[in-house]
Amino acid sequence: MISIRSWAAMAAALDTLLDPDLRRLLTERRDQLLDYGCELGDLAHIIVTQRGDTIAAVEAEAGVALASNLVTGDRLGSPDFEHSFEYVERHGCWLEAVMILSDDGFGIVLLVQDRVDTDPDLLALLRRQG
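Per our numbering, numbering through the sequence shown is continuous, rising by one, with the last residue being 127.
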């Protein structure tokens, strides 16, 4: 898992990532967020999952139960479950999900590669809208 909470962490990730689609997406998000003129950690926590990452590990890193509806408490797998993401968008083989957590706009940006060895629960969570 790659956890990006600062501009320095973003630069390090961009310097080491090999996947061109992911680099392009992170570069675009970096450029959009730089316009706000503050530290990245004041705006967002970007989490890029990697092979072997589980939904439980991602939730622990995010500090929020991503697979639970924040209003109803319904969990992924429940027949009435609806996720709490603002949106889920596909970018090539990557799924991007954004969850706003506070009135000031701070949010979690989750990037998950849609491939056979990705945690099936993560894929089920994001493919509902992706």
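Errors might be hidden in some of the hints.
[Claimed, not checked] For each label pair, taking beta carbons as the anchor points, the in silico distance ranges come out as: (1) GLY34 / ASP118: 36 to 42 angstroms; (2) MET(-2) / PHE103: 27 to 33 angstroms; (3) GLY74 / GLU36: 32 to 38 angstroms; (4) ASP32 / GLU79: 17 to 23 angstroms.
Rather than coming from a laboratory, the hints here were simulated on the basis of the structure. The beta-carbon is built from N, C-alpha and C at its ideal position, and this holds for glycine as well.
Here's how the hints hold up against the structure:
Between GLY34 and ASP118, the C-beta spacing of about 37 angstroms keeps the proposed range 36 to 42 angstroms intact. At roughly 20 angstroms, the beta-carbon separation of MET(-2) and PHE103 lies outside the given 27 to 33 angstroms, and the hint is violated. For GLY74 paired with GLU36, a C-beta distance near 37 angstroms keeps the hint of 32 to 38 angstroms intact. Separated by about 31 angstroms at the C-beta atoms, ASP32 and GLU79 break the suggested range of 17 to 23 angstroms.
Hints 2, 4, counting from the list given before, are not met by this structure.
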